[in-house]
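Visitor: Protein chains in written order, with the numbering used here: chain A, 58 to 360; chain B, 58 to 360.
Everything labelled a hint here was simulated from the structure, so no lab data went into it. Where hints are given, some of them may not hold.
Identical copies carry no separate label here, and so any pair may be met within one copy or between two of them.
Stated by the list, open to error - Derived lysine to aspartate or glutamate pairs resembling DMTMM-like cross-links, with alpha carbons at most 25 Å apart: (1) 162 with 193; (2) 162 with 185; (3) 285 with 222.
Fair warning: this is a prediction, and the values are worked out from it, not measured in the lab.
2 protein chains.
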Amino acid sequence: MTTAERLGFGPQDRLLIVNADDFGLCHAVNQGIQSLLSDGIVSSATLMTPCGWAREAALWSARHRHLDVGVHLTFTSEWDAVKWGPVFRGGSTQSLVTDEGYFHKDAKSFERFADPAEVRLELVAQIEMALALGVELTHADNHMGSLYGIQTGRHFIEEVFEVCEEYGLPFRLPRNLLLEDGQVAPPELASQAGRMAQLADEKGVVVLDYLLGLPFRGAPGETYESFKAQMIALLRNLHPGVSEVIIHPSLVTDELMAFHGEPLRRGMEMELFRDPDIRRTIAEEGILPVRWRDLRELQRAKG
Amino acid sequence: MTTAERLGFGPQDRLLIVNADDFGLCHAVNQGIQSLLSDGIVSSATLMTPCGWAREAALWSARHRHLDVGVHLTFTSEWDAVKWGPVFRGGSTQSLVTDEGYFHKDAKSFERFADPAEVRLELVAQIEMALALGVELTHADNHMGSLYGIQTGRHFIEEVFEVCEEYGLPFRLPRNLLLEDGQVAPPELASQAGRMAQLADEKGVVVLDYLLGLPFRGAPGETYESFKAQMIALLRNLHPGVSEVIIHPSLVTDELMAFHGEPLRRGMEMELFRDPDIRRTIAEEGILPVRWRDLRELQRAKG
Numbered sequence: 058m059t060t061a062e063r064l065g066f067g068p069q070d071r072l073l074i075v076n077a078d079d080f081g082l083c084h085a086v087n088q089g090i091q092s093l094l095s096d097g098i099v100s101s102a103t104l105m106t107p108c109g110w111a112r113e114a115a116l117w118s119a120r121h122r123h124l125d126v127g128v129h130l131t132f133t134s135e136w137d138a139v140k141w142g143p144v145f146r147g148g149s150t151q152s153l154v155t156d157e158g159y160f161h162k163d164a165k166s167f168e169r170f171a172d173p174a175e176v177r178l179e180l181v182a183q184i185e186m187a188l189a190l191g192v193e194l195t196h197a198d199n200h201m202g203s204l205y206g207i208q209t210g211r212h213f214i215e216e217v218f219e220v221c222e223e224y225g226l227p228f229r230l231p232r233n234l235l236l237e238d239g240q241v242a243p244p245e246l247a248s249q250a251g252r253m254a255q256l257a258d259e260k261g262v263v264v265l266d267y268l269l270g271l272p273f274r275g276a277p278g279e280t281y282e283s284f285k286a287q288m289i290a291l292l293r294n295l296h297p298g299v300s301e302v303i304i305h306p307s308l309v310t311d312e313l314m315a316f317h318g319e320p321l322r323r324g325m326e327m328e329l330f331r332d333p334d335i336r337r338t339i340a341e342e343g344i345l346p347v348r349w350r351d352l353r354e355l356q357r358a359k360g
Numbered sequence: 058m059t060t061a062e063r064l065g066f067g068p069q070d071r072l073l074i075v076n077a078d079d080f081g082l083c084h085a086v087n088q089g090i091q092s093l094l095s096d097g098i099v100s101s102a103t104l105m106t107p108c109g110w111a112r113e114a115a116l117w118s119a120r121h122r123h124l125d126v127g128v129h130l131t132f133t134s135e136w137d138a139v140k141w142g143p144v145f146r147g148g149s150t151q152s153l154v155t156d157e158g159y160f161h162k163d164a165k166s167f168e169r170f171a172d173p174a175e176v177r178l179e180l181v182a183q184i185e186m187a188l189a190l191g192v193e194l195t196h197a198d199n200h201m202g203s204l205y206g207i208q209t210g211r212h213f214i215e216e217v218f219e220v221c222e223e224y225g226l227p228f229r230l231p232r233n234l235l236l237e238d239g240q241v242a243p244p245e246l247a248s249q250a251g252r253m254a255q256l257a258d259e260k261g262v263v264v265l266d267y268l269l270g271l272p273f274r275g276a277p278g279e280t281y282e283s284f285k286a287q288m289i290a291l292l293r294n295l296h297p298g299v300s301e302v303i304i305h306p307s308l309v310t311d312e313l314m315a316f317h318g319e320p321l322r323r324g325m326e327m328e329l330f331r332d333p334d335i336r337r338t339i340a341e342e343g344i345l346p347v348r349w350r351d352l353r354e355l356q357r358a359k360g
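With the sequences and hints as input, model every part of the structure.
Guide: Pasting the structure below:
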């Protein structure tokens, strides 16, 4: 049974969430995401509580509770000029950081060194920080996929589900992994994803049917038109069930340019779902909007 | 004996350090301070390691080791949109943070709640972070004067001097507090400062003779010309010995405007020491430049 069916939709219905990741990363990202949320262009955003501008994003979210904002559980710090680290203050987080004191740069180093007990404490601390700032969290997901064990197989999904169960938050895990383009998790993880989805069901944590996104980095020769064509293809190929599409929109400012590896691509993702061609595709395909808030209600009603 | 005399200068010589505080706070501040350091307009800058852009400032400092960069020991987080917290990862820092998980907003709350053992661990962690990033630290000072006990009398100077002794770093403490304008520490602390200076001597930590600065916030009707006149008056009234003047320069950008309470004043402080009138005043008064590096060598030679 798909998550869509559990929400009361039919077996052929295709439902879509568009999530803006990295809310709080910097001021340019905050400005971009706030405008997309306000205009109803994206369904939701997820907040990186360890980042320097998280409080701006959180206080804005606390004043706009009709919009969906979740927590972007963060265990990696991938840029060179802008950095962040753990927010748990109650004890050691040394297994989560480099010699410099920041989170590891990539998921692989995190997976290798992280102590599951420290991961669990940091998961809770990131959620508690968002709640303390007044955010009414609708869901949780994970920055750079560090918690899934994508790089080494060493994952932290038990810890995530325990915490999501405790806080009544649905989580970004795709029940189904396909071989098609646009799948965010690598297909080798298909069997592991099946076990993870079963564990989510046991814990009563609501998850997605599919998870989609465009490559984070631009291909040579890419233009806005080719980029849009990729997204249109993803939407036309949507499967029945609840799909989440991940984007990383931002205003393109001096601030973003000064640290981000793909600032112009972030600007393209700012335009994508405002584009009439994308909006027309969604309408033509009969794709239905759904919100993380709906998945959260499903989860909490069962509890 | 003044610190100037200990450096080999005469009893009437007036020596000046101009320090740019808050290096690492944001990209606009980094750009501003880097240009002032490069052009020799300020003598030194001090790095706020807990801030999001600290790594940019630190990596730049590591590539410019002929310039003086110290550590701006930070225990307060005063803005609303941009926030930071402890960098110690080895254990609890809970006495240093609010319920949100950030440093307290003001020195008073910090003085009230901070556990001296946690302060000491965080002092070391901030220094170690700078060293891990390759900065050859020349000195230490303190953001918002939180460690001096200015608000409640509860200070952390013993912890600071122990750590400064351990790392061979001179520290921003004025041996003399006066009743004149431009004194950064309040005159009620004069007797306490005397005891602190004595303790510094016992520990072999080199300190300043005088500490000066302009008010952090602008007065009504203030112009660049009136602001500059205040600084010229400070310089003309300089006493014999080593004086440090604190400034907080920054480029004025959208990023700075989005969180800072006094962005235009930060822009004025960007211009001040480039201004021919200020430079002429320094020359006319026969004020001699001195560097934190010289004070550090004095301290290390004694050790």
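Visitor: When no copy is specified for residue 162 and residue 193, does a C-alpha distance of 25 Å or less occur within a copy, between copies, both, or neither?
Guide: Answer is between: at 24 Å across copies they meet the 25 Å cutoff, but 29 Å inside does not.
Visitor: I want to check one pair: residue 162 and residue 185. Are their C-alpha atoms no more than 25 Å apart within a copy, between two copies, both, or neither?
Guide: So residue 162 and residue 185 pass the 25 Å test inside a copy (24 Å) and across (19 Å) alike.
Visitor: Which holds for residue 285 with residue 222 at a C-alpha limit of 25 Å: within a copy, between copies, both or neither?
Guide: This pair counts as neither: shortest intra-copy Cα distance 37 Å, inter-copy 60 Å.
Comparing the model with each numbered hint stated earlier shows that hint 3 is the single one that does not hold.
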